[in-house]
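Given next are the chains, with one letter for each unit.
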Amino acid sequence: MALAALAMTGVGTRAVEAHDFWVQLGDSWIAPGEGTSVTLLVGHGPDRQRSLIPAGRIMRFEAVGPNNLRHDLRSSLQLRGPRDDGTVAFRDPGTYLLVLQTDARAYSLLPAIRFNDYLQVEGLTPALLYRERTHRTNADGSEAYSRQAKAIIHVGAAPYRQAPVTRPLGLPLEIVPDIDPYTEPRPKELPVHVFYRGRPISGALVKLTDLEHDANPIETILTDEKGQAVFYVPPGGKWLLNVIWTQIAPASSDADFETTFSSLSFGYTHSSATKSAP
Amino acid sequence: MRGGALPPAILCAAIGLGLASAAGGAALLGLALVIVTACAMANAPIPATWSDVVFLGCWTSILASAAIVHRRKALKAKPALLLSLNAGIWTGAVIALVPSKSNLLEALPLAFCVWPAAWVRRQGQEVVLKVLANWLIAVAVLAAALQFLPVTPGYLPDHMD
Chain A
1 MALAALAMTG VGTRAVEAHD FWVQLGDSWI APGEGTSVTL LVGHGPDRQR SLIPAGRIMR
61 FEAVGPNNLR HDLRSSLQLR GPRDDGTVAF RDPGTYLLVL QTDARAYSLL PAIRFNDYLQ
121 VEGLTPALLY RERTHRTNAD GSEAYSRQAK AIIHVGAAPY RQAPVTRPLG LPLEIVPDID
181 PYTEPRPKEL PVHVFYRGRP ISGALVKLTD LEHDANPIET ILTDEKGQAV FYVPPGGKWL
241 LNVIWTQIAP ASSDADFETT FSSLSFGYTH SSATKSAP
Chain B
1001 MRGGALPPAI LCAAIGLGLA SAAGGAALLG LALVIVTACA MANAPIPATW SDVVFLGCWT
1061 SILASAAIVH RRKALKAKPA LLLSLNAGIW TGAVIALVPS KSNLLEALPL AFCVWPAAWV
1121 RRQGQEVVLK VLANWLIAVA VLAAALQFLP VTPGYLPDHM D
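So the protein lines, in turn, are chains A and B. Going by this note's numbering, the first sequence opens with residue 1, and the numbers climb by one from there. Going by this note's numbering, the second sequence opens with residue 1001, and the numbers climb by one from there.
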């Protein structure tokens, strides 16, 4: 009883914001043949840190380039290097989409108050409704979860029309921009669709975060009935869109829910070789 | 319970209460040993990955130091110095985990409770010290037990895998 009381004193004292995962590029605009660093990051603000995910849990790390050509990049990952987790370079100009997908073997168990808070903050209504319906809102909450991260990188000076960024790649949970954020002239609005298992989902909370001041998102929008959310992205800087969705786990699972974290990062930071680019 | 100066401050308070039953010279020497050892350890390059072990050492030392209050006999010089050395090591080790060493200034003054505690003891009011010591022991036991719970405690970020 006393133990539970002490445990509860810590519960709810931390804002539920630190768990997003993304691929951070050193520069998002690079010259052909030029390398840029890739870093796997997790958490925001004071909790932001290099991901400690083991290589064995990364099922896919590839680049989808112009004309939908795919390049397996797993060999370029050097996890937990001194400054980054690897380097990528592309010979041919164009816009590339880096895709990283993990298995769903990560596990989380949170105390009831904190789990309810997390579900509320992240807009995970299926889990909230299920817990209310089954009278389990006072129970600890467990999840098995996976990560799906995409990052957009542009190689060369001019924007390209064959960019793969506006097409879904078949990830379990995916943020797909309706327009290429690197297109010129740069659009004021960035509409995106969110797909869960191939279908657009409504009511998912999409967050836009400035990665240079990432303690809190600058904008959060619920997807409409068509699964769309429209953001205003200021010019310059490094940006992250992310969304989380969950479903009730099968009875055979150790967890209550199967959750997927998805992110899309992009930026307008140019390497020195492309400084003159638009 | 793992951030800031609170864990080392509780340990300093516990060793202060414990040393109150030592002879005057041993208590003074023990206090000096706590301060010197803590300051030295606080600047040691302790990796962040050792934090679980360091905090477990801190909570265990609180338990050992505060439990001395329950001894009927006075604490002899040798065990007093050993306890002080131990308390200094773990106080410094916890502070070494964070870049700022200002927690030393918040934690170490608590060890000076040795003098008021010794005065209370001389007045025959050991029960006051026992109540305080038991409270510190309870906090240490509960905080140590939290490390072994599967549920993510409130002070740790969630979903970091």
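FYI, nobody ran anything at the bench for these hints, they're computed from the structure. Virtual Cβ for every residue (Gly too), placed ideally from N, Cα, C. One or more of the hints may lead you astray.
Stated by the list, open to error - FRET-style restraints, in silico, Cβ to Cβ:
hint : chain 1 : residue 1 : chain 2 : residue 2 : range
1    : B       : L1006     : A       : L52       : 32 to 38 Å
2    : A       : L52       : B       : N1043     : 50 to 56 Å
3    : A       : D178      : B       : P1047     : 54 to 60 Å
4    : A       : E132      : B       : K1101     : 46 to 52 Å
5    : A       : P126      : B       : H1070     : 34 to 40 Å
6    : A       : R80       : B       : L1006     : 28 to 34 Å
7    : B       : Y1155     : A       : G81       : 25 to 31 Å
8    : A       : A215      : B       : W1119     : 37 to 43 Å
9    : A       : V121      : B       : A1044     : 21 to 27 Å
10   : A       : A215      : B       : P1047     : 24 to 30 Å
Status of each hint after checking the structure:
no.: 1; hint: B:L1006 - A:L52: 32 to 38 Å; result: violated (27 Å)
no.: 2; hint: A:L52 - B:N1043: 50 to 56 Å; result: violated (27 Å)
no.: 3; hint: A:D178 - B:P1047: 54 to 60 Å; result: violated (46 Å)
no.: 4; hint: A:E132 - B:K1101: 46 to 52 Å; result: holds (48 Å)
no.: 5; hint: A:P126 - B:H1070: 34 to 40 Å; result: violated (54 Å)
no.: 6; hint: A:R80 - B:L1006: 28 to 34 Å; result: holds (31 Å)
no.: 7; hint: B:Y1155 - A:G81: 25 to 31 Å; result: holds (29 Å)
no.: 8; hint: A:A215 - B:W1119: 37 to 43 Å; result: violated (48 Å)
no.: 9; hint: A:V121 - B:A1044: 21 to 27 Å; result: violated (39 Å)
no.: 10; hint: A:A215 - B:P1047: 24 to 30 Å; result: holds (26 Å)
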